[in-house]
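Residue numbers (the UniProt record's numbering), protein chains in the order written: chain R, 1 to 638; chain A, 1 to 240.
No lab work stands behind these hints, which were simulated from the structure alone.
There could be a bad hint or two in this list.
Said to hold, decoys possible - Here are the simulated distance ranges between beta carbons:
{"#": "1", "chain 1": "A", "residue 1": "188", "chain 2": "R", "residue 2": "620", "range": "22 to 30 Å"}
{"#": "2", "chain 1": "A", "residue 1": "78", "chain 2": "R", "residue 2": "620", "range": "31 to 39 Å"}
{"#": "3", "chain 1": "R", "residue 1": "40", "chain 2": "A", "residue 2": "237", "range": "45 to 53 Å"}
{"#": "4", "chain 1": "R", "residue 1": "319", "chain 2": "A", "residue 2": "78", "range": "49 to 57 Å"}
{"#": "5", "chain 1": "R", "residue 1": "49", "chain 2": "A", "residue 2": "237", "range": "28 to 36 Å"}
{"#": "6", "chain 1": "A", "residue 1": "229", "chain 2": "R", "residue 2": "620", "range": "36 to 44 Å"}
{"#": "7", "chain 1": "R", "residue 1": "619", "chain 2": "A", "residue 2": "78", "range": "34 to 42 Å"}
{"#": "8", "chain 1": "R", "residue 1": "40", "chain 2": "A", "residue 2": "188", "range": "22 to 30 Å"}
{"#": "9", "chain 1": "R", "residue 1": "592", "chain 2": "A", "residue 2": "190", "range": "40 to 48 Å"}
{"#": "10", "chain 1": "A", "residue 1": "188", "chain 2": "R", "residue 2": "49", "range": "41 to 49 Å"}
{"#": "11", "chain 1": "A", "residue 1": "83", "chain 2": "R", "residue 2": "558", "range": "58 to 66 Å"}
{"#": "12", "chain 1": "R", "residue 1": "590", "chain 2": "A", "residue 2": "83", "range": "46 to 54 Å"}
{"#": "13", "chain 1": "R", "residue 1": "40", "chain 2": "A", "residue 2": "234", "range": "21 to 29 Å"}
To be verified - Covered by chain A, per the in silico footprint, the following chain R stretches (three or more residues, Cβ under 8 Å):
{"#": "14", "stretch": "34 to 46"}
{"#": "15", "stretch": "98 to 104"}
Computed from a prediction, not measured in an experiment: that's the story for all the values here.
Yeah, the Cβ is synthetic: ideal placement off N, Cα and C, and Gly gets one too.
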Amino acid sequence: MDIEIIEIRDHLSRFPPFEGLPEDVLSEVARQIEISYFKAGTDILLFDQDIRFLHYLRSGAVDVFRRNGELYNRLTEGDIFGHFGLLRNHKVRFPARAIEDSLVYFIPSSLFDRLCEEHETFADFVEAEGQSRLKTAVDSQSKAGELMQIKVRKLISRLPIMVPAHTSVKEAACVMTAENVSSLVIVDSMAAVDGTGTLPAAGPGAGIMVGIVTDRDFRTRVVAEGLAPDTPISQVMSPNPITVQAEDSVFDTMLCMLRNNIHHLPVIQRKRPIGLINLTDIIRFESQSSLYLVSNIFNKQDVAGLQSLLPDIRATFVRMANDEATAHMIGSTMAGIGRGFSQRLLELAEAELGPPPVPYCYLALGSMARDEQLVVTDQDNALILDDSFDPELHDAYFLKLATFVSDGLAACGYTYCKGGIMATNPKWRQPLKVWKQYFTQWIDRPNPETLLNSSIFFDLDSVYGEADLAETLKDLLASKASTSEPFLAALARNALNRTPPLGFFRTFVMEQDGEHKNIINLKGRGTAPLTDLIRVHSLACGSKAQNSFERLDAVATTRLMPPEAITRLRYALEFLSMVRIRHQAREIEQGREPNNYIQPETIPAADRHNLKEAFQVLSNAQKFLRYRYPSLQSMRTL
Amino acid sequence: MSKAAALANSPDWQSIFNNLANTAKDERLVRFYQAGAVAADTPLSDVELIAMDIETTGLDPDRNAIVSIGLAPFSLDRIRCAQTSYHVVKPIAELTSKSVTLHRITHSEISEAPGLDELLGTLLESLAGKVVVVHYRNIERGFLSEAVRYFIGEQLHFPVIDTMELEARLYRGANQPGWFARLRGIKPTSIRLADSRLRYGLPHYQAHHALVDALATAELLQAQVATHYHPAIAIRDLWN
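Using the sequences provided together with the hints, build the complete structure.
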């Protein structure tokens with residue numbers, strides 16, 4: 001009679017790598033299993049011992065060690081071990097010991113080999129470990145990688161239509177009409193212009209791009225200004241336009257449009273324009289583009305109009321999460337949308353209050369500056385004013401401006417910052433010279449309060465106005481922080497305040513704060529401490545990057561951290577962010593208010609393993625930080 | 001201590017088997033006894049064990065019948081699922097719908113199953129030379145002996161290790177709450193299979209499937225030995 005022990009088969013079927021194997025295969029595995037009980041404290045595998053079985057932990061807890069005795073992993077129900085040995089000469093690589101009374105299932109190596117050969121997912125799982133398993137999880141969940149991988153040059157259907165700078169506006173308009181285009185690239189060279197006014201694009205003698213004109217420019221700058229038809233086009237063009245490189249991804253291009261609120265973008269290869277990408281090209285490629293939403297933002301005439309877009313923001317977020325976009329894409333897109341709101345509100349404020357009395361730069365701080373914004377977010381902003389700012393004369397204007405934007409953002413779902421980090425706070429509405437003092441002081445004499453400020457204000461980016469003001473602060477920060485070891489050490493200590501929820505024993509230590517019982521705070525104990533520690537390394541290597549992934553790129557160019565450690569951090573951040581994003585998307589879909597808290601039981605077993613692994617990466621990275629800045633002890637008195 | 005009492009404490013199974021091999025008439029029984037019993041001083045780690053669970057229509061061997069039997073040969077090191085076996089038995093007595101739901105065996109499964117008389121040979125062959133492990137020996141030994149008496153008309157005797165009795169040694173007798181404690185509502189520790197397993201951190205299994213219960217019993221013995229005994233303990237200290 002065909003016997004199969006359902007208890008065993010069903011248990012296997014719930015855990016990777018068995019999860020997803022066909023029923024008959026699972027039955028076969030269950031039939032061949034051998035079982036043994038290990039008392040807590042008993043060695044299960046010793047280094048270099050022969051190994052002929054894959055080990056599956058049915059119940060209990062097992063510690064797996066490196067050869068040097070260092071703890072490598074702590075396993076719980078449904079975890080496998082011994083596969084390394086099976087894959088390499090049948091000798092135990094990682095010794096294992098029961099730390100609780102444990103029941104272990106043994107799967108014969110012949111069957112293990114067959115499963116590896118016949119089932120790709122099984123092989124992928126057992127062959128991958130550490131970062132690479134997380135990598136597999138991360139890679140397989142981002143189908144939208146297409147958008148990241150496809151080069152913008154693929155979307156170009158024709159060479160840009162170009163005219164030399166001296167062309168009259170009338171001629172230029174005729175060329176546009178004849179060619180049926182809505183924008184025109186202006187070049188400085190006259191040499192290679194042929195009869196039709198077009199240039200051979202990338203050939204020798206082709207012109208260097210000096211500007212761009214669009215249909216709209218003819219309306220606003222030519223007709224509305226009453227210019228003569230023979231006015232040179234160079235007078236009405238937008239000079240030095242923002243461009244993308246041919247090798248940039250479609251997504252980068254989309255982000256560039258999003259950030260700068262432009263709908264035409266010349267594509268450059270070896271300094272020559274090779275095409276012109278516009279909004280519709282991208283939308284044709286990615287039909288539900290969030291660019292729709294952003295262009296909508298700029299069509300709204302008041303706060304109420306902007307407020308009406310709130311459901312669209314959430315819909316965009318949910319759609320991207322369901323389309324399996326990467327965390328980087330989603331974070332940048334949401335930040336781009338947030339910027340759009342801020343920019344439009346500033347335009348509306350200026351329209352109401354009149355032009356600013358002195359130049360200013362409106363700053364985004366925190367997640368928006370890092371391009372890591374999600375849907376649950378409050379506003380962190382500040383104003384850098386030109387040094388000619390006189391509080392007596394000018395502050396009333398900027399207070400009104402800041403209040404208008406802040407109230408508008410709050411109405412659009414970006415709640416007020418509880419810590420008062422908003423331009424409405426006079427402390428954060430200051431001329432550049434005061435900001436320089438702030439930053440200098442925070443770096444030279446760190447204390448607990450200013451360290452908190454550092455972690456918020458050191459992620460900064462210009463949203464509107466004079467970007468140079470923000471750049472000056474970024475430069476100051478990059479050069480000063482990297483050379484101030486005591487500051488970095490203090491910031492490092494601060495980055496260790498929040499630890500990942502990996503309890504010493506067995507499994508997750510759950511949050512115990514009131515209504516959120518037995519749950520994990522994915523932001524507070526996951527992504528936030530990760531961003532914190534990435535910030536420290538990034539400042540240490542003098543980088544001006546704001547986005548955590550870009551900061552890791554910058555750190556990778558130095559010898560600050562081993563390359564594998566950086567790769568691991570990247571995957572951990574991506575994975576934790578994605579779990580957080582998908583959780584929030586689900587909450588929105590189910591009509592609930594999205595938050596950062598997850599119950600580990602509610603997520604699939606495979607994700608749970610990866611989650612634990614991602615937290616382990618964070619934990620190891622924190623250890624590394626502690627080791628890198630040993631002066632932490634002496635900083636206690638700060 | 002009287003000779004009878006000493007025998008009750010630890011029967012000399014080797015000589016019992018030798019005698020029975022000479023007196024038994026049925027060939028199947030003769031072969032079973034001829035396979036012999038292990039010596040009483042054999043270390044447990046050297047003994048071939050076989051966990052057995054029998055599901056029945058009721059608790060009384062005289063009035064109720066066997067519906068299924070699960071067998072799991074094992075050693076202190078390993079329980080090998082590939083060697084387990086499971087038999088559904090066509091009972092002599094009528095199957096009540098209560099026992100049908102309990103064991104999740106359907107009437108059609110039963111009607112196609114062999115009768116116990118057909119299975120006895122195979123069964124005795126599986127047990128030969130091994131020490132049987134059960135949870136609550138009165139059921140398994142009782143029903144099997146009764147079946148042999150009914151079909152063959154002879155006596156069946158064999159040694160068993162009773163995991164329930166091993167639990168009782170720890171939680172009954174001097175160790176169980178006295179009458180005063182019980183009066184105050186302190187319940188004696190449960191020594192049922194599922195509750196006992198829980199104490200050793202063994203997973204919860206669906207009860208009342210003969211093979212799953214046999215497996216559960218084998219795991220329990222491994223856990224008991226790992227926790228309370230040395231693997232070299234002589235078999236005489238555990239069997240009955």
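Quick rundown of the hints versus the structure:
1. Restraint check, residue 188 of chain A to residue 620 of chain R: a C-beta distance of roughly 49 Å breaks the suggested window 22 to 30 Å.
2. In this structure the hint that residue 78 of chain A and residue 620 of chain R lie 31 to 39 Å apart at CB holds, the actual value being about 36 Å.
3. As the Cβ distance of residue 40 of chain R to residue 237 of chain A is approximately 24 Å, the hint placing it in 45 to 53 Å is violated.
4. Roughly 53 Å separates the CB atoms of residue 319 of chain R and residue 78 of chain A, a value that falls within the hinted 49 to 57 Å.
5. Range check, residue 49 of chain R to residue 237 of chain A: about 31 Å between beta-carbon atoms, so the 28 to 36 Å window is met.
6. Range check, residue 229 of chain A to residue 620 of chain R: about 41 Å between beta-carbon atoms, so the 36 to 44 Å window is met.
7. Between residue 619 of chain R and residue 78 of chain A the beta carbons are some 36 Å apart, a value that agrees with the proposed interval 34 to 42 Å.
8. The beta-carbon spacing between residue 40 of chain R and residue 188 of chain A, approximately 26 Å, falls within the hinted interval of 22 to 30 Å.
9. Between residue 592 of chain R and residue 190 of chain A the Cβ separation comes to about 42 Å, which falls inside the hinted range of 40 to 48 Å.
10. Hint check: residue 188 of chain A to residue 49 of chain R, Cβ distance near 43 Å, so the stated range 41 to 49 Å holds.
11. Remark: the range hint 58 to 66 Å for residue 83 of chain A to residue 558 of chain R is upheld by a beta-carbon distance near 60 Å.
12. The hinted window of 46 to 54 Å between residue 590 of chain R and residue 83 of chain A holds, with their beta carbons roughly 49 Å apart.
13. Distance hint for residue 40 of chain R and residue 234 of chain A: a CB-CB separation of about 26 Å, consistent with the stated range 21 to 29 Å.
14. Counting residues of the stretch 34 to 46 of chain R whose C-beta sits closer than 8 Å to any C-beta of chain A gives 7, which meets the bar of three, so the coverage hint holds.
15. Counting residues of the stretch 98 to 104 of chain R whose beta-carbon sits less than 8 Å from any beta-carbon of chain A gives 4, enough to reach three: the coverage restraint holds.
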